[in-house]
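J.: So you can see what is in the structure, the chains are spelled out below.
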Amino acid sequence: MEKITKLGLLCSLVGLAAIYAGAIHVRPSVTPIAKIDNEFIGLKVIISGQVVDLRESNGHLFLTLQDNSDGTMAVPIFSSVRSQLGDSIEMLDEVQVTGEVTLYQGALEVVPEEAGDISIVHSPCLAISSVDNSLLGEPIKVRGVVDKREIVGRGNIILTLSEDGGQLAVFVSSSVAGSSDFPEVHVGYVVQASGWLQMYRNELELQVTRASNIKVIEAE
Amino acid sequence: MFDVLAFTALGVALGIFTGFLPGIHVNNLTPMLLALAVGSAFAPMTLAAAIVAMTITNTFISYIPATFLGAPEPGTELSVLPAHRLLMQGKGYEAIKLTAIGCFGGLLLSAALIWPMLLFIGPAYSAIRPQMHFLLAAVVIVMVALEKSKAGIFWAVAIFLLSGFLGLLSLDTNLIRGDVALMPLLSGLFGVSTLLLSLGNTGSMPEQRIDDGPLEMRRDLKPLFAGTAAGALTGIIPGIGPSQGTVLAQLATRSGGTREFIVSVSGVNTAKALFSFVALYAIGRARSGAAVAVEQLMEVGFRELVFLVGVALFVGGIAVILHMKLGRFAARNIGRLPYRATCIAVIASIVGLTIYYSGLIGLLILATATAIGILPAVVNVKRTHAMGVIMLPCILYFAGLKGSVLAALGL
Numbered sequence: 002m003e004k005i006t007k008l009g010l011l012c013s014l015v016g017l018a019a020i021y022a023g024a025i026h027v028r029p030s031v032t033p034i035a036k037i038d039n040e041f042i043g044l045k046v047i048i049s050g051q052v053v054d055l056r057e058s059n060g061h062l063f064l065t066l067q068d069n070s071d072g073t074m075a076v077p078i079f080s081s082v083r084s085q086l087g088d089s090i091e092m093l094d095e096v097q098v099t100g101e102v103t104l105y106q107g108a109l110e111v112v113p114e115e116a117g118d119i120s121i122v123h124s125p126c127l128a129i130s131s132v133d134n135s136l137l138g139e140p141i142k143v144r145g146v147v148d149k150r151e152i153v154g155r156g157n158i159i160l161t162l163s164e165d166g167g168q169l170a171v172f173v174s175s176s177v178a179g180s181s182d183f184p185e186v187h188v189g190y191v192v193q194a195s196g197w198l199q200m201y202r203n204e205l206e207l208q209v210t211r212a213s214n215i216k217v218i219e220a221e
Numbered sequence: 141m142f143d144v145l146a147f148t149a150l151g152v153a154l155g156i157f158t159g160f161l162p163g164i165h166v167n168n169l170t171p172m173l174l175a176l177a178v179g180s181a182f183a184p185m186t187l188a189a190a191i192v193a194m195t196i197t198n199t200f201i202s203y204i205p206a207t208f209l210g211a212p213e214p215g216t217e218l219s220v221l222p223a224h225r226l227l228m229q230g231k232g233y234e235a236i237k238l239t240a241i242g243c244f245g246g247l248l249l250s251a252a253l254i255w256p257m258l259l260f261i262g263p264a265y266s267a268i269r270p271q272m273h274f275l276l277a278a279v280v281i282v283m284v285a286l287e288k289s290k291a292g293i294f295w296a297v298a299i300f301l302l303s304g305f306l307g308l309l310s311l312d313t314n315l316i317r318g319d320v321a322l323m324p325l326l327s328g329l330f331g332v333s334t335l336l337l338s339l340g341n342t343g344s345m346p347e348q349r350i351d352d353g354p355l356e357m358r359r360d361l362k363p364l365f366a367g368t369a370a371g372a373l374t375g376i377i378p379g380i381g382p383s384q385g386t387v388l389a390q391l392a393t394r395s396g397g398t399r400e401f402i403v404s405v406s407g408v409n410t411a412k413a414l415f416s417f418v419a420l421y422a423i424g425r426a427r428s429g430a431a432v433a434v435e436q437l438m439e440v441g442f443r444e445l446v447f448l449v450g451v452a453l454f455v456g457g458i459a460v461i462l463h464m465k466l467g468r469f470a471a472r473n474i475g476r477l478p479y480r481a482t483c484i485a486v487i488a489s490i491v492g493l494t495i496y497y498s499g500l501i502g503l504l505i506l507a508t509a510t511a512i513g514i515l516p517a518v519v520n521v522k523r524t525h526a527m528g529v530i531m532l533p534c535i536l537y538f539a540g541l542k543g544s545v546l547a548a549l550g551l
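Residue numbers (this note's numbering), protein chains in the order written: chain A, 2 to 221; chain B, 141 to 551.
For reference, chain A alone in the conformation it holds in the complex:
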């Protein structure tokens, strides 16, 4: 019996050492999002990209990250993880996520397990005067004073933000403006808005697609 005990113990330790060496060899590394396909399901990866969409539901946060490889990846941050997260995540922030690649309802996502799997670098706001046609179709983030607040059509809101002489129209559709988490915004408030830059009747316009993408920085 003693022989078997020693043999069993020896084999376990040697096996563990070999598995450990193997595991070190295949540590997760930063992977371009476009390269991640079904082969990656069940493996851990590190992805790093810009938050191009952000949605909240039942305390969970659902991000879409885009990186230089032009791939996009869904990253759900469940409420248990989100509550441990010291920092908030905003549109256009640079976020690095370590997590397992899983398939959810036919689409791939990278799921962080704990707050330590997420690191956030806040992106600075763009000066409104520097917003021009070259940014059309891109996500941007700006900050400015609300000069004008108009309601057009059935409850859509157009805010005109100004900063250092530059002006930009921010379009908030009625579905976003009507949602319960859309903040009160009045003329004179300083707000931060993020969204996609588009052209409407020959004018540049920032389209806000989520209520959480409008933040009141200073209320008068």
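Don't read these hints as lab results, they were simulated from the structure. Where a beta carbon is used, it is the ideal one built from N, C-alpha and C, also for glycine. Just so you know, not all the hints are guaranteed correct.
Stated by the list, open to error - Listed next, with one range per pair, are the computed distances between beta-carbon atoms:
| hint | chain 1 | residue 1 | chain 2 | residue 2 | range |
| --- | --- | --- | --- | --- | --- |
| 1 | A | 42 | B | 548 | 24 to 32 Å |
| 2 | B | 350 | A | 28 | 52 to 60 Å |
| 3 | A | 19 | B | 548 | 14 to 22 Å |
| 4 | B | 357 | A | 182 | 50 to 58 Å |
| 5 | A | 130 | B | 271 | 53 to 61 Å |
| 6 | A | 105 | B | 157 | 23 to 31 Å |
| 7 | A | 43 | B | 540 | 20 to 28 Å |
| 8 | B | 171 | A | 80 | 23 to 31 Å |
| 9 | A | 42 | B | 350 | 44 to 52 Å |
| 10 | A | 200 | B | 423 | 43 to 51 Å |
| 11 | A | 5 | B | 352 | 38 to 46 Å |
| 12 | A | 89 | B | 446 | 36 to 44 Å |
Claimed, not checked - Here are a few chain B residues that face chain A, going by a calculated C-beta distance under 8 Å:
| hint | residue |
| --- | --- |
| 13 | 310 |
| 14 | 318 |
| 15 | 501 |
| 16 | 507 |
| 17 | 514 |
| 18 | 518 |
| 19 | 537 |
| 20 | 542 |
| 21 | 543 |
| 22 | 550 |
Chain A is already provided as a structure; the job is to place chain B on it using the hints.
T.: Positioned in the frame of chain A, the structure of chain B alone reads:
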């Protein structure tokens, strides 16, 4: 309706298959059923019925190899020794009858208890969730302390840590996909190791007596209740397997004896299987491979839960009869089987399947798990300490320490 019946029958057939072969687990076959769901005209409900039918049938039938070959699947490992003891007294069929009482009784009782349980599972879970790591750690400490002797406690801790480290390395690194790693891990720790040890038994198989008396559930109510309660607990809390559940139930009820033991451990198993589907509805968490598969197929609301439980009860009725018939057949014929050759064939099939599903890495994991799985028997402590393979990663996860531990290990 017809397709539900057809898929349920398919599930029962697959459950017999996975139950009989110790190396094949329900989890190996669910991907196949899920693949059927993609792009097929079958309603998710029918496929879910197949998965439930397979899980329940597998739970019953897996006691046949556990009893006659001493080859357990995860969850039946604790019943191996007492059932094997009965086998060696020529009472193999009685052991099968006891597992039938336990499995079927546990299924009926847990179905009856779902309604009252639903009222407090949700709130209880949210209350326990933040303290889960303490609860799991307490279970480990109780299990270890039960070894009593100093040497026993030393070995219990060693086996828990070895298997836990193995679990962490296999389930939480990129070496191999976590779900693929489970099979070599569990069949090594609980299957191959036991089979290897029973190869050393040279004793001949005694003549098996077959007692055709009816199943008497009434005298086993106490172990059945204990088993069902433990099963409900383990179906909802992650990381605790049926074996820990049984030991806790025994502690709570102070029941002992071979008969009660086999009944309650098999009751835990079916109750756990059923409650892992209840957990999907009550707390939205999947607590078994089969529940994960059902979750991927459909959203489980109250209506779906009633359907799943209905299928489980329907299948339970069929499975208990199949289990007794097949068990009887096994008892009649076990003497004719070359015992050693059968064990070797089962080991070979586990090794073959491991290589097929998970390659050489899987084989390395299987070998290491087997080496750890041999230790409890030779140093005379409970095999269930090897559940550290799932418990340790779970405790670290709930404590929010998994990332830092992996980082400290350079992973």
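J.: Which numbered conditions among the earlier hints are violated in the structure presented, ordered from lowest to highest?
T.: none
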